[in-house]
Amino acid sequence: MVQLAKLWTSLVNTLPGEEVDVTKDRATVTDLTLQETALTMNRWRWWRAVALGLLLSVPNAYWVMQVEGTWHSGHPTCISFFWNVGFTLMLLVFLNLAIKRLLPFWALSQQEFVVIFVILTLVSSLPGHDCLQLGIPQMAMPFWYGIQNPTLRWQETFLNAMPTWLVVTDMTALRDLFFGNSSFYRLYYLQVWLPTILWWTAFSLALGAVYVGLMSLMRRQWTEHEKLSYPIIHIPLALTREGGRAEFFANKWFWWGFGVVAFLDLMNGLSAFYPSIPKIPVRHDDLQLRLDPLLYSMGRPWNAAAPPFFSFPLYPFIIALGYLIPLDIAFSMWFFYLLRKVLLVITDWLGFFRGAGYIVSGPPYLLQQSYGAWLMLTVHTLWAAKHYLKEVGREIFRPTALSQQEPLSYRRAILLTLLGLGFLLWFSMRGGMSLWVALIYFGVFFGWSMAIAKCRAELGPPAHEIVGLNSANFIAHTIGMGRLSTRDKVMMPLYWWFNGRGHRNHQMPIVLEGFKMAQVTGLNIKAFPLLMVICFGVGTLLAYWAALHQLYRIGGVNNPIGGGENPIIMHNWGQLYQLQSWIEAPEPVNPSGITAIFIGAAIVEVLARLRGQFLWFPFHPAGYALALNFGVDYFWSCLLIASVLKFFVLRYGGQRTYQATLPFMYGLVLGEYTFGAFWSAASIIRQKPIYDFAPG
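Residue numbers for the sequence shown follow numbering that gives the first Met the number 0, beginning at 0 and rising by one.
Honestly, the hints are just simulated from the structure, not real lab data. The structure presented is a predicted model; accordingly, all values stated were derived computationally and were not measured. You may find that some hints are simply not true.
Unchecked claim - Derived lysine-lysine pairs resembling PhoX-like cross-links, with alpha carbons at most 20 Å apart: (1) K226 <-> K389; (2) K687 <-> K226; (3) K385 <-> K226.
Produce the complete structure using the sequences and hints provided.
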């Protein structure tokens, strides 16, 4: 047992930052890289990169809204490393290799690729599945359905309290939005929508300002003091080193990985056209990989573990992404996922289970445990930085050259944060929310957001869907919606787009990773705060444009790939029904649920202390927090396979063998991002989904 503990310690303490040299600080970068990535970027190259990034943002925003929103397919922004951005980066690198050979002066440098990557990732996140795809319908649905369908009783319930400056009430503009066969580019429609769009764009800019301000304050602590490894940026940095290197693509193991997934995606894509071509099952919803039919056939209590689904997915690129993250987090996520399923079975066996899958209204109170877990992770995030935050406080009153090395000086970072937060509070109060409710709402949200950002920078989970973790649900479960006014409540569905569904495309981690990539490649980090805030405005406007263009053409009541409503509309009924329930019959605070919050927090604390006491302890508190929720269902088995592979590679081959296997894993990721995205891009031209290679 002692020998096994020592072995585990040697494996889990091998950080990605030590495994892959692309994340080393400037002081340890080779002389060749230093020559290519000077501390300051030529001004015209900077503006060229910004212009190219913004130009490429237009088709990427439309692409994301089309496949994720209108088709509910593909879901590029549901994975931490967005595959639409990876695909675009691959195309640019291949093109750049040719330019370097023919016209080297015009070739893009790695610094320019970093600028383009950050712009594309930030802009793509805003029209994403957990973002404005949820916000745009909420501007149209309340008044259209509330007036057209009186049986909903929305008029007497909440429409009178709805802030009309944040929604669209013009029935003529709404009619064509829902029935389609029209065009958004009519002056009348533009006049109706533009004031509301501008208000929400201003809100998005303020939200981005808070993200940038907070990450400017915390960057040094997480990057230089705690030395987080930022696993998500390893592949884009390796791909774009020296503007793209022929040596990167000369590795035979890279092409073996690339070829495996190319064959897989080619077969699965062609099977959509020619059913005689066999489809290779890898997705969570492939019948051959589903385990829930067996559980349903076994009856109680086993069927409690089945909903919404229980499968054994085999996504190759997620196996590769899981291989790149620390071994203990990969192990912890699939272990606690299975433990969650066991807990559901035991609860049903004891006769306490109420609900279905992760949507459990009673014991074992998974959602409430999740609240406690993430709150405690927030506490740990701030507690670990307590000495640094004292230093920041001193710097504010007696600034030194230290803070001048940050993206923003500490004074400016705090000022930007306070200005952004002040606007968000004013915006909320103008919409009808009480100040004390707004303070709790945003305080809890930004706390969780910082914990998510640190978790991703430290551990790099392939995805971090955290269903139900939002301020509205937290207030409902801890304070009770009965204490809030109707005007307090009506703002919460309107805020669902940034603090609602799952946080998979949360922008705060993207901002932090952008700062790290700038530091690694020698960019002037001070140029990034303004650029990032601008990206929030650009991404918001592009999201509205892409959604309204498609809705006026297709219609909100028409599903272009099947029956029922357009998925952009279909996925937004829940917020409005929940609002109606909060107003008409708010549930009282459940003491057992509050107890579960404390239990979740206590478990995280115990796991953290055990990890601090015993280096060999394999269970990571963030793995528990992530696995309590729904997102791990999509890829838990991929992490199981990845962790077993990595364990044996490190055990019997050591670091040298592990390093030799990395090109193969890079090939798996970039191969899927190339061929899977190719089918998605082809579907835009064909105007019909072909093959969906990614979960979501």
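Each hint tested on the structure:
Distance hint between K226 and K389 is fulfilled; the C-alpha atoms sit about 19 Å from each other, no more than 20 Å. This hinted pair does not check out: K687 and K226 have alpha carbons roughly 45 Å apart, beyond 20 Å. A hinted pair counts as satisfied when its Cα atoms are at most 20 Å apart, and K385 with K226 qualifies at roughly 16 Å.
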